[in-house]
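Residue numbers (the numbering used here), protein chains in the order written: chain A, 1 to 401; chain B, 1 to 341.
Calculated directly from the structure, the hints in this document are not laboratory data.
Bear in mind the structure is a predicted one, so any value in this text is a computation, not a measurement.
Check the hints yourself; a few may be wrong.
[Stated by the list, open to error] Cut-off 30 Å, straight-line C-alpha distance, at most; resulting in silico cross-link-like pairs (BS3-like, lysine-lysine):
| hint | chain 1 | residue 1 | chain 2 | residue 2 |
| --- | --- | --- | --- | --- |
| 1 | B | K225 | A | K340 |
| 2 | B | K137 | B | K80 |
| 3 | A | K340 | B | K142 |
| 4 | B | K211 | B | K244 |
| 5 | B | K244 | B | K225 |
[To be verified] From chain A, some residues computed to sit far from chain B (all C-beta separations above 12 Å):
| hint | residue |
| --- | --- |
| 6 | R59 |
| 7 | E138 |
| 8 | Q148 |
| 9 | K177 |
| 10 | P183 |
| 11 | V318 |
| 12 | V346 |
Glycine is no exception: its CB is placed at the ideal position from the N, C-alpha and C atoms.
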Amino acid sequence: MSAEPLPTPRGPSPAPRRRQWSFRSEAFRGLLFQLFAVVLVGCGIWYLAHNTLANMAARGIQSGFDFLAQPAGFDIGETVIPYDALHPYWRAFLVGVMNTLRVALVGIVLATILGTLVGIGRFSRNAIVRGLCYAYVEFFRNIPVLIQLLMWYLFFTDWLPPIFEAFNVGGLFLLSKAGFSFPVPVWSFGVALALVGGLIGLLAAWLYRRWALRKFEATGRVRSLFWVPLAIVAAGMVLGWLVGGAPTAWSIPRAEGFSMEGGASATPEFLGVLLGLVFYTAGFIAEVVRAGIASVAGGQVEAAGSLGLTRGMAMRLVILPQALRVIIPPLTSQYLNLTKNSSLAVAIGYPDVVSIANTSLNQTGRAVEAISIIMAVYLVISLSTSAFMNWYNKRAAIKER
Amino acid sequence: MKPMLKLSLSAALVAAAFAAPAFAGKTLDAIKQRGQLVCGVNTGLAGFSQADSQGKWTGLDVDYCRALAAAILNDGEKVKYVPLTAQQRFTALQSGEIDVLSRNTTWTLTRDASLGLHFVGVTYYDGQGFMVPVKAKVKSAKQLKGATVCVQSGTTTEKNLTDFSRTNKLDMKPIVFEKQEAATGAYFSGRCIAFTTDASGLASIRNKDAKDPKEHIILPELISKEPLGPAIRRGDDEFFAIAKWVLYGLIEAEEYGVTQANVDQMKTSQDPVVMRITGSSEDMGKLLGLDKEWLVRVVKTTGNYGEMFARNVGEKTPLNLPRGANNLWNKGGIQYAPPVR
Numbered sequence: 001m002s003a004e005p006l007p008t009p010r011g012p013s014p015a016p017r018r019r020q021w022s023f024r025s026e027a028f029r030g031l032l033f034q035l036f037a038v039v040l041v042g043c044g045i046w047y048l049a050h051n052t053l054a055n056m057a058a059r060g061i062q063s064g065f066d067f068l069a070q071p072a073g074f075d076i077g078e079t080v081i082p083y084d085a086l087h088p089y090w091r092a093f094l095v096g097v098m099n100t101l102r103v104a105l106v107g108i109v110l111a112t113i114l115g116t117l118v119g120i121g122r123f124s125r126n127a128i129v130r131g132l133c134y135a136y137v138e139f140f141r142n143i144p145v146l147i148q149l150l151m152w153y154l155f156f157t158d159w160l161p162p163i164f165e166a167f168n169v170g171g172l173f174l175l176s177k178a179g180f181s182f183p184v185p186v187w188s189f190g191v192a193l194a195l196v197g198g199l200i201g202l203l204a205a206w207l208y209r210r211w212a213l214r215k216f217e218a219t220g221r222v223r224s225l226f227w228v229p230l231a232i233v234a235a236g237m238v239l240g241w242l243v244g245g246a247p248t249a250w251s252i253p254r255a256e257g258f259s260m261e262g263g264a265s266a267t268p269e270f271l272g273v274l275l276g277l278v279f280y281t282a283g284f285i286a287e288v289v290r291a292g293i294a295s296v297a298g299g300q301v302e303a304a305g306s307l308g309l310t311r312g313m314a315m316r317l318v319i320l321p322q323a324l325r326v327i328i329p330p331l332t333s334q335y336l337n338l339t340k341n342s343s344l345a346v347a348i349g350y351p352d353v354v355s356i357a358n359t360s361l362n363q364t365g366r367a368v369e370a371i372s373i374i375m376a377v378y379l380v381i382s383l384s385t386s387a388f389m390n391w392y393n394k395r396a397a398i399k400e401r
Numbered sequence: 001m002k003p004m005l006k007l008s009l010s011a012a013l014v015a016a017a018f019a020a021p022a023f024a025g026k027t028l029d030a031i032k033q034r035g036q037l038v039c040g041v042n043t044g045l046a047g048f049s050q051a052d053s054q055g056k057w058t059g060l061d062v063d064y065c066r067a068l069a070a071a072i073l074n075d076g077e078k079v080k081y082v083p084l085t086a087q088q089r090f091t092a093l094q095s096g097e098i099d100v101l102s103r104n105t106t107w108t109l110t111r112d113a114s115l116g117l118h119f120v121g122v123t124y125y126d127g128q129g130f131m132v133p134v135k136a137k138v139k140s141a142k143q144l145k146g147a148t149v150c151v152q153s154g155t156t157t158e159k160n161l162t163d164f165s166r167t168n169k170l171d172m173k174p175i176v177f178e179k180q181e182a183a184t185g186a187y188f189s190g191r192c193i194a195f196t197t198d199a200s201g202l203a204s205i206r207n208k209d210a211k212d213p214k215e216h217i218i219l220p221e222l223i224s225k226e227p228l229g230p231a232i233r234r235g236d237d238e239f240f241a242i243a244k245w246v247l248y249g250l251i252e253a254e255e256y257g258v259t260q261a262n263v264d265q266m267k268t269s270q271d272p273v274v275m276r277i278t279g280s281s282e283d284m285g286k287l288l289g290l291d292k293e294w295l296v297r298v299v300k301t302t303g304n305y306g307e308m309f310a311r312n313v314g315e316k317t318p319l320n321l322p323r324g325a326n327n328l329w330n331k332g333g334i335q336y337a338p339p340v341r
């Protein structure tokens, strides 16, 4: 027996393994079980759908989405896009979706601002501010949101004056049972161009900010990051307005007969839903922000102080950016909650998508179809919101490492 | 293993596809076996279906259920009342949760044809109207230009309002609430100038919810036809026949003067129609699957149609609704029952 030379050690990358198509391979087993699970779920869903359809057909209940092309036959109290009763059901649903988005988007923005302020206020050195923020959170978090919506709506409809006795500020802004009415420019080519100019200005302002930030990191020279971009956006709007012929026609709200003619109104229903949701969700967001701020290491605060930053600057430049990593995931949940809670608007008469679907359901009898449309709408809105927030989360995270 | 699982699943699905729906043809059997009629009613509409503080239900719709229970189960008290909102009512009936829906429901083509229901008949011929505060100084619905109108969702009201608004170019703005209490609350707080629902409902709401009923008037225009009546599921023709003929029997009884007080005495009458109603000559009940005293029991439980009307919504009640179209055909109204023979 001669001593055989030891096999030479292989390099760090061995030859690629060939895929093994047999049960002994763990990867193959995993794939098989996943496929099996998908088939099982698919069969389950198909069974439910088929059973429902078969039962409905056997009882003479008509089904199908063809009703969406029929004329709706009902009016909607407030719409963003032009709509009348002869439009098809799908347009009525679209109006409902826009109303839901309107209250959800404005609500998210306002709730975030209010919640952040209250959350930061919990760390104030002033005991009264701290106490007020604490009381705010405990009060608005613990009362069911439907009760809060009803409270706001009762407040608006009971305390506001009737239309012919509207409380007016300078003859331009009216507050009455028809809501908060304000003048709007009459829609024309010039106004459209002004909006387009504003959007272009927004883009230019964003590019300017990126350039200014890059310059700051390179040279340390501080440039205005807020006022100059704002001026750029305003300049864009003015430029667009001028190019469009400088129209000056405004639509001023006046009380006429039983309704408010002209201008635009934020109805008590909209305000009730908006304020109810904003105050409720801000309570939760305040706690999320507080948790985020508390998660930032104390050393950061001290370091900021030693650099000579004021408390406000420290909060804005050092603490909050680091707290964002902790804040954003639960904040996403709160945004989704706000969006879904807006479905309670049907209790106080705001025509969101649930209200429209209820009416359509009653008029056509297509209960399963209408409910599935509602579910699909909320699913799409929620998935878009969380996708956006996840992208923002990734962006906030990269700055750390 | 996978192919076997799929095969057994497919077999189960095929079996399910051929399985008969649970309640077709068996509603009557289920009622008799349960010993109780499950009746879907309104959550609270004075005069039609309302529970008092002891939980005792009264109203025109409630009385119909009692009459039906008296015919099938021999006792008008063997009824379970299920209060339903406008959204829930059809689903509750379709799913089998209730046996009969007696909830001031309008009989329309869509509901009759596409929901798997049958309408039994008309217990109350109604129309949609408007209620406005006296302060608004409105005398006719056609003056409500641009008005905000509170309505409850889940009813025929919205569509009728839109039709009326478009026909008369009034550009009315509906504010649609899920619950009736929210809709009436918004009207009474002044958010809307007008409130619209069936005229009988307006009378009931003004009487029950207004702080001062005299400060509200019901405008004279009826903008739609609202024939209100009970509904049952499709698939049980025997139950359908009984439900129909209980209603027709009540109207026939009023036409021939058979009342709650004199029904026993009427058993000895010589009028051939009365003899058939009371079962003393021919046995009409047997043809329906009931006994010959079915209509006697019914009238003894609730009285005839006129008595039901007078007791629940008539002149002596706070609603004070006139018979109007609900009077008998030979007295100026349109309640006409096919003959019990």
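Verification of the hints:
1. B:K225 / A:K340: Violated, because 38 Å separates the two Cα atoms, which is more than 30 Å.
2. B:K137 / B:K80: Distance of about 45 Å is beyond 30 Å: violated.
3. A:K340 / B:K142: violated, 39 Å
4. B:K211 / B:K244: Outside the cut-off at roughly 40 Å; violated.
5. B:K244 / B:K225: Roughly 21 Å separates the two Cα atoms, so the pair holds.
6. R59: violated, 4 Å
7. E138: Correct as stated: the minimum Cβ-Cβ distance to chain B is 28 Å, above 12 Å.
8. Q148: holds, 15 Å
9. K177: violated, 5 Å
10. P183: holds, 19 Å
11. V318: Check passes; 48 Å lies beyond 12 Å.
12. V346: violated, 5 Å
This entry does not satisfy hints 1, 2, 3, 4, 6, 9, 12, going by the numbered hints stated previously.
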